[in-house]
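Q: Throw the hints in and build the complete structure from the sequences for me.
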Amino acid sequence: MIKVTFIEHNGTVHTVDGEPGQTLMETAVKHAVPGIVAECGGACSCATCHVYVDDTWKEKTGAPSEMEEDMLDFAFDVRASSRLSCQIRLKPELDGLVVRIPEFQN
Amino acid sequence: MALDMIVGSGVDGAPAEIETDALIIGAGPVGLFAVFELGLVDIKAHVIDILDKPGGQCAELYPEKPIYDIPAHPTITGQALTDRLLEQARPFEPTFHFGQRVESLKKVDGGFEVETDLGTRFRAKVVVVAAGGGSFTPKRPPLAGIEGFEGASVFYAVRKIDAFRDKAVLIVGGGDSALDWTLNLQPIAKSVTLIHRRDEFRAAPDSVNKLRELLSDGSVRFIQGQLTKLNGDSGALRSVTIRGPVGGLDLEYEVEAERLLPFFGLTMKLGPIANWGLNLNENQIAVDTARFETSEPGIFAIGDINTYPGKLKLILSGFHEAALMAQAAQKIVYPGKRSVFQYTTSSSSLQRKLGVI
Ligand SMILES: Cc1cc2nc3c(=O)[nH]c(=O)nc-3n(C[C@H](O)[C@H](O)[C@H](O)COP(=O)(O)OP(=O)(O)OC[C@H]3O[C@@H](n4cnc5c(N)ncnc54)[C@H](O)[C@@H]3O)c2cc1C
Ligand code: FES
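Those sequence lines, one after another, are chains A and B.
What the first sequence shows, in the UniProt record's numbering, is residues 1 to 106, in sequence order.
What the second sequence shows, in the UniProt record's numbering, is residues 1 to 357, in sequence order.
Since the hints were made in silico from the structure, they are not lab data.
Treat the numbers as computed from the prediction; the structure is a model and nothing was measured.
Check the hints yourself; a few may be wrong.
What the hints assert, rightly or not - Listed next, the in silico EDC-like pairs over lysine to aspartate or glutamate satisfying Cα-Cα at most 16 Å (straight line):
(1) K229(B) - E68(A)
(2) K190(B) - D166(B)
(3) K139(B) - E39(A)
(4) K139(B) - D77(A)
(5) K167(B) - E256(B)
(6) K44(B) - E103(B)
(7) K190(B) - E256(B)
(8) K190(B) - D233(B)
(9) K313(B) - E39(A)
(10) K229(B) - E254(B)
(11) K229(B) - D77(A)
(12) K331(B) - D42(B)
(13) K107(B) - D21(B)
(14) K269(B) - E39(A)
(15) K65(B) - E68(A)
What the hints assert, rightly or not - Chain B is nowhere near these chain A residues, computed Cβ spacing over 12 Å in every case:
(16) T48
(17) Y52
(18) N106
Unchecked claim - What follows is a set of in silico ranges between Cβ atoms, one per label pair, in the way DEER data are often shown:
(19) K30(A) - D233(B): 43 to 51 Å
(20) K65(B) - P92(A): 35 to 43 Å
(21) L316(B) - H14(A): 31 to 39 Å
(22) M1(A) - D42(B): 55 to 63 Å
(23) R89(A) - N231(B): 40 to 48 Å
(24) R79(A) - D52(B): 46 to 54 Å
Don't be surprised by glycine CBs; every beta carbon is placed ideally from N, CA and C.
A: See the structure below:
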């Protein structure tokens, strides 16, 4: 099991169990974490699974691919820590990962 | 691809009212296959879609992605599936009307009257709603009070170019729509400013080159940043607040703007379908599973837009629904005609229609 924590814009914390190989978006949807809309079901074509990765985790989650960068253009309030959660695949090193959910999914 | 059978927006030169056996609303995979199934039973179709191209979700959302559950195609991309469906429908010469949204659907004597937002009118014996998740609609950025500016200062598409003449125009985005309108409005606007979160554009290389030229000669201004606020009153935009890097700092500042064009991609919204008097169940149209007919006889609903016990929103289910719908539509378009079950493999009558013999 890989523990991941989602922090909603209003501060509500959701710590849930994910599985290796699952995406961060799938983990959020499976546990009904509010604020991850994931309209396209993980195809990197909607930008409604936007999250901010806490600085301490940025190295382990890696950088967005070119396709993900392009799709981030459609997200709102994009920051240096922005990622699309359907493009982050869980692996043992990500145990304890913390991400924040933006106020709006565009 | 069978582009030659695609007709443009249909305003110019189109007759006041187009008569057709069947009118298909939505050119997604299921609408395209409906052309084929209707064609086999001698029903000609016109097809309308708000997008400027066929393929629905497959072409708009995932053209390059492989689909693994289309029977007999272990893998096929969204665009390839669209191209093949067009090829398969080709013998039946459908007429496409792109870039138009169906607004109204009314029952009249002997069929239905349908009108689009561009004023194209149709009279059809049967209507097939293959509208998927609804109309593809531009996304509205979540800025406070933006609704109040829409239609007066904020637009998601350029319908009347005069609304931008001699105005301070601000365009947000980095894709083809944003760049195309930057290039097209620059000659007529007072000023054009392009705002994008990064100095990289995912648009056609030719447009990017043209943009770079306009930027270097100063005819267009580029600001790297993101919108945070709209300023103005009673629908009249005065300026927008932008946050972005200025000399190494992340700052918020105002930029003059009388017109704003935000391009944040498309999302599917049910749209006018809700007003057509059909039985809806959580935004889906309820149908029976023998004919896929709605609560209104003569109006069918197939593909992602419909619901019935056991419904699966899969392309293959939509194909099956199209086949049964066509049988039922035949009874309306050709009342009294005896329908004979035939295989395409062996029926010379079907093969003649397909143009293979
Ligand atoms: C990322 C992704 C991956 C998918 N993968 C698969 C898969 O592997 N297998 C599978 O079977 N399915 C898959 N699907 C689902 C599949 O794409 C849909 O089931 C399919 O597109 C439905 O087809 P449709 O023709 O019913 O509707 P759509 O493809 O939604 O097309 C409907 C069209 O109707 C138009 N329209 C609606 N209302 C109006 C109006 N009033 N006026 C004018 N035009 C209108 C819309 O603009 C749209 O173009 C996937 C979907 C997504 C988003
Ligand atoms: S779920 Fe659509 S981009 Fe991630």
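Q: With reference to the structure, classify each hint as holding or not holding.
A: Here is what the structure says about each hint:
| no. | hint | result |
| --- | --- | --- |
| 1 | K229(B) - E68(A) | violated, 26 Å |
| 2 | K190(B) - D166(B) | holds, 4 Å |
| 3 | K139(B) - E39(A) | holds, 13 Å |
| 4 | K139(B) - D77(A) | holds, 15 Å |
| 5 | K167(B) - E256(B) | holds, 10 Å |
| 6 | K44(B) - E103(B) | violated, 22 Å |
| 7 | K190(B) - E256(B) | holds, 12 Å |
| 8 | K190(B) - D233(B) | violated, 21 Å |
| 9 | K313(B) - E39(A) | holds, 14 Å |
| 10 | K229(B) - E254(B) | holds, 9 Å |
| 11 | K229(B) - D77(A) | holds, 12 Å |
| 12 | K331(B) - D42(B) | holds, 11 Å |
| 13 | K107(B) - D21(B) | holds, 14 Å |
| 14 | K269(B) - E39(A) | holds, 12 Å |
| 15 | K65(B) - E68(A) | holds, 14 Å |
| 16 | T48 | violated, 8 Å |
| 17 | Y52 | holds, 14 Å |
| 18 | N106 | violated, 6 Å |
| 19 | K30(A) - D233(B): 43 to 51 Å | holds, 46 Å |
| 20 | K65(B) - P92(A): 35 to 43 Å | violated, 28 Å |
| 21 | L316(B) - H14(A): 31 to 39 Å | holds, 36 Å |
| 22 | M1(A) - D42(B): 55 to 63 Å | holds, 60 Å |
| 23 | R89(A) - N231(B): 40 to 48 Å | holds, 42 Å |
| 24 | R79(A) - D52(B): 46 to 54 Å | violated, 33 Å |
Figure legend: structure checked against the earlier numbered hints; hints not met, in rising order: 1, 6, 8, 16, 18, 20 and 24.
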